[in-house]
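Q: Below, each chain spelled out in residue letters.
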Amino acid sequence: MDTISRRKFLQLSGAAAVGASAAMLSLEDIAQAAIARPLPLGTPIVVVVTLYGGNDGLNTVVPYTDSLYYSLRPDISYKPEKVPPLADGLGLNPAMTEMKSLWDQKKMAIIRGVGYPYPDHSHFSSMAIWQTASPISHISTGWLGRWLDSQTADPMLAISLGSVPPPLFAGAKRSGSALPLGGLVVPSGKLGMRCQTLSKPSLSDSPLMASAATSMGSLFNLSSNVTSVLQSPAPAAPDLPVTNGGNAGGDTSLQQQLDLVAKLIVAGAPTRAWSVSLGGFDTHANEANAQAALLGNVSYSVSRFMNQLKGSGRASDVTVMIYSEFGRRVKANASQGTDHGTSGPVFVIGDRINGGFYGDQPSLSKLVDGDLVVTTDFRDIYASILERDLKADPAQILNGWKGRVNLLYKQ
Amino acid sequence: MENQRLELSRLYARFAFGPMPGQFTQSLTAGFAVSAQNLLNTSVADPQLDSLLPPSLPDLGNRPSQADVAASKAFTKALQVQAMEMTMWWLDRMAITHNPLLERMTWFWHGHWATSIDKVNFALPMFNQNQTLRANALGNFRTMAHAMFHDGALQIWLDGNDNIKGAPNENLSREFMELFALGVNNYTEDDVKAVARAFTGYQAVRSTGVVTFNPKRHDTDLIKLFGSSTPLDGDSAVDLIVSRNENVSFIAQRLWYRFISSSQPLESRFGIESAFANRDIANTMKVLVTGGALSVPDYSVVRQPVEWFIAICRAFSIKPSALKPSTLVLSNLQKMAQVPFLPPNVGGWPTDEAWLSSASAQFRIAFASLIAKQVDFTSLNAVSSEKRIDYVKDLLGIYSFSARTFTALTNAKDDLQQFFVLAVCSPEFVVNA
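Chains as they are written, first to last, in this note's numbering: chain H, 1150 to 1560; chain C, 61 to 493.
None of these hints come from the bench; they were simulated from the model.
Hints should not be assumed to be uniformly reliable.
Said to hold, decoys possible - Label pairs and their computed distance ranges (CB to CB):
#	chain 1	residue 1	chain 2	residue 2	range
1	C	L388	H	D1303	36 to 44 Å
2	C	S429	H	D1303	32 to 40 Å
3	H	E1230	C	P118	30 to 38 Å
4	C	A138	H	K1339	39 to 47 Å
5	H	A1302	C	Q394	32 to 40 Å
6	C	Q324	H	E1230	43 to 51 Å
To be verified - Calculated cross-link-like contacts (lysine-lysine; reagent style BS3-like; alpha-carbon spacing at most 30 Å):
#	chain 1	residue 1	chain 2	residue 2
7	H	K1480	C	K225
8	H	K1339	C	K395
9	C	K225	C	K284
10	H	K1515	C	K253
11	H	K1480	C	K179
12	H	K1339	C	K379
Quick reminder that beta carbons are idealized off the backbone N, C-alpha and C, glycines included.
Working from the sequences, and respecting the hints, build out all of it.
A: Rendered as structure tokens:
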């Protein structure tokens, strides 16, 4: 199913317009920029992976030595012998073998108990809070959108995969661009010329009509000077296994998205922030198989991505952050699934990351209304990434936020 | 006069999927008030629509064992064929109906109670839901909310079958309040848990959507909801939810958001909330249409892909199922990311800018070019080439063309296929002024 729902998360949460409207790029545009003005080697790059639907953190980083874990969810717990151990009595979901190897190489940080104050169990509100980094007041700009506002205008600076850009890239002045999977085919000949006429701005256009004209116009802003760096279109999205978590948004082709991002990073795209996503984590029923298939996909795709960067000289430039809008209820429901919960683990991966655990594991004996407590505020992670990778002042972008995840980065 | 043209353009684009041939010019003469009254009357005799056969949807029963490869393949094929026939049937209805407000409202409610066949799998329960939405589309919201609670497709979509006494599943409970009836932040987490308990014990048959109540699985204890404790079943909980004041402002805002503006806030001076005070949908639509909002210049909207396609069909007398090959319509709507019965999530489809990417522009031009090859251009050809631009402007119910679009159309006025593609892909048609 082709999913274009992310903008919806902001709209339903009551935030009004989604900042500045986003440009749509073609592969050729980015290839052209990679040739003309490649990103200098050594410039940090951030890749944000959004897991839509609410990933069950307790079955991702599993407290396999805690008897409460087994008594609270007898039918959907992983047996101790199945769980690859990490440390502190915690292990990784058995489907995440490739990411276990990143952990062993000390390239993967797991920040435990991450969430925001006053948890809201709505997909839409929670995702809006994560993407805007504004837990109390509704605002229409995303945290990386506000970083874009602080930079020189450049449509290549932040790119999301898929045809609708996510709210996290929406700034007040400018927004990240979107790269649709599969590439664009542009009308040619007389029709192409006439469509270009049709895409010129007009004084009588309403703002939406102007956007309609601009979107058509950017179809034609192509360079004729593109080399063979990136000519082949992206492969078709492989079908995922049928899951029970499919009603809360997100794209389904994570591997395809990350393959393309790797290719563009290696080519030298002048892009500092990338956004990719995977949907299907809303596992109210029959969770075990569905979640394992999804986490296996995340694990394989991310580790494949890291491998593709090797030998490019940029492997140590890249930081990957993986998050979801909330964790799930500790106690299982009657349908071998879990309902919407609160905090969950966030993964941060890269050569410059100090692998290991950060933040306290929420206790299963001290639940609040049946939910895990939040031990780390999500903005601590954003602040560290903004400061260390994007060289920005986190306080300016995160409304004065001072917290960090200490020692997350090397040096 | 210009204001009348704006109001009429919006009347047809937003509430009728676009005018049929001749309708817009007649309305310019008849005036807005008469045209609005005609549109709001949804009991016009419609023999053509009555003769449209509903899709044949025999109960397919349980999925055969995977070991039986031939039977499994045939079963999957039957699921696909039924879904496709049902979708084309609905698109045909939208395109040919003479009571377009009723189909338009059914389409609105489909996006509101957004349920996807992607998880429901079977067409029959989706078809039954579609009939329920149509039967209640202009009725009373309270009646609709009860009918939708008992709707099999919705129950399956939001895990109602798994909601059992002692271990409730909150999916339906939460979305019922957040997305269907009250809006986010208008209820507490305790309310979600309470309503989930009230909703326990309802079971839907997957292949048919028939819902039955199983008292053994229902939580009969006292349930504290909105401050008072009583035993509750699904219907009594739905009643309490719909009785909340927040239901009035929430539904009024959802109608405003889809029909008037997704970026400008609802204004009380138009009287939409008070019109919905007794949950009367027809009366609320009347106020939405005639209350003055249609003449405010700021409120433009982007036609969603299905609305764009159906407006073309209505203007050029195209029956969607008659387009060849039979997969043309759905494969192109899929590329444009909007297929009926397949909303992306329980929040429904996005609005406005979300449909204005270069990718959508490209897919729109490609789809229009394919349709152009099958359009009957006899009447367009009969108009002299000097008058063609004005003619197509009225045919499509467009408020006005900018100089840029006028130039593009003038350049193509002797190539009818390109003229058609440019007109339906113009910013002035893609966006309703």
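Q: Which of the listed hints are broken here?
A: As far as the earlier hints go, 3 and 6 are violated by this structure, in ascending order.
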